[in-house]
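Given the structure of chain L, go ahead and fit chain W onto it with the hints provided.
Listed here are the chains, written in short residue letters.
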Amino acid sequence: MATEANGHSEGGLVFHPMDQFIVKPLFGDGAVGMFTFTNVALWLLLAVACVIALMVLGTSKRATVPTRVQSIAELAYGFVYKMVEDVTGKDAVKYFPYIFTLFMFIAFSNFLALIPTSFSPTSHIAVTAILGFGVFIAVTALGFIKNGASFLGLFWVSSAPLALRPILAVIELISYFVRPVSHSIRLAGNIMAGHAVLKVFAGFAAITAVAPLSILGITAIYALEVLVAFIQAYVFTILTCVYLKDALHPSH
Amino acid sequence: MATETTGTASACVGPDGSAIGMPQLCADWMPNQIFWLLIALIAIYFVLSRIALPRIATVLAERQGTITNDLAAAEDLKQKAVEAEEAYNKALADARAEAHEIIAKNKAEMQAELDKAIAKADAEIAAKAAESEKAIAEIRASAVQSVEAVAKDTAGSIVAAVGGQADDAAVAAAVDAQIKGGMT
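Respectively, the protein sequence lines represent chains L and W. Sequential numbering of the first sequence, starting at 1, is according to this note's numbering. Sequential numbering of the second sequence, starting at 1, is according to this note's numbering.
Bound conformation, chain L alone:
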């Protein structure tokens, strides 16, 4: 497909920054059905394989003095565990596996997406929206199950003057429902923008005079993207913890 695109405009500047996000079947040539094995499926499963390699194979020795891989796995475990404990509270530790799943999935998808010619699942709204709305629905349901109707007290700011409370309630309600949207668009937007910028810089490399600058730019942006890959996984996870805290303790 790529060679075909190049054939159309020979030698000149070719910008197709969004082509890297195209979903295509890996076997066969038909339409993308629900169960078709696509590049999305491949890179998602690679992320699963990496999580298994790190967390299961890396810790298979159960060494008291950890090997390098095992200490990375323990580091990730401790990092997210402490985050859940600090942000959400001790009673939220039983939701730790779900939050850790989210963190590991997003982190590995982001990092694998940085391999050249790879596919980045987390740049797709369809993927991040499922994550974001999944968290939103789970947290809201949990809030009502744990607190009953008093969960609605989250929107009734009892510390504000009585006259202001209805207005604040409307604002709180809107901000509550915007949460999943911002939650998912933040992740997808960051990853997509970074990868698109990399592609645009790469496009400039076709001009010989600009090529060194372009390569320098790609290097710089790539370093930034490595940072963003981790930070976005961290942000997504910590926001999940904050939302979970609201559901468990709506009073404050």
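A hint or two may mislead.
[Stated by the list, open to error] Where chain W lies over chain L, by a calculated footprint (3+ residues, C-beta under 8 Å): (1) 14–20; (2) 45–51; (3) 86–100; (4) 159–173.
Bear in mind the hints are in silico, worked out from the structure with no lab data behind them. Built from N, CA and C at the ideal position, the CB exists for glycine as well.
Positioned in the frame of chain L, the structure of chain W alone reads:
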């Protein structure tokens, strides 16, 4: 695999194989992405919650236990070392005290022996001195006697020579008186 019909696989890909608009918003692909995402999430969740997380939790707990034990053992050993040092110091002090005692005892013994020897020497010296004195006194007494005898003889002779009849007793008394007077 890229034949001329490739581009028509989806409404979101143009005839030249590049994307039309944002591929992210292509509704045709979403069911596929969502399906595989759920598969991936469920797989990760089960692997983590069934295998990886309990394993890491036990490893961390075991390590904590090991560290605590090691620290306790180290504390124990330190205590033992302190005790050993104390025992050593005590032994050292005891030995020193004993040495002092032995030295003092030896000194006292030596002093006693020395005193005894000095006393004995003194006594011997005193005895010798007394003996010598006695000898001197004897010698002196015998000398005095000799002088008396000589004096009496001489006096008798002188008296005889002068022409008088020498009365031995009177001469002896006169000489005795003279000697006593001269000696004192």
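Inset, instruction - Verify the coverage statement for the region 14–20 of chain L against chain W, using a C-beta to C-beta distance below 8 Å and requiring 3 or more qualifying residues. - result: As far as the region 14–20 of chain L goes, the hint holds, because 3 residues have Cβ atoms under 8 Å from chain W.
Legend entry - Within 8 Å of chain W (C-beta), three or more residues of the region 86–100 of chain L: Contact hint for the region 86–100 of chain L vs chain W: holds, 4 residues under 8 Å.
Legend entry - Coverage of the region 45–51 of chain L by chain W (three or more Cβ within 8 Å): Three-residue rule met by the region 45–51 of chain L, so holds; n is 4.
Inset, instruction - With a C-beta cutoff of 8 Å, work out whether three or more residues of the region 159–173 of chain L approach chain W closely enough for the coverage to hold. - result: Not satisfied, violated; 0 residues make the cut.
Hint 4 from the earlier list is the only one contradicted by this structure; the remaining hints agree with it.
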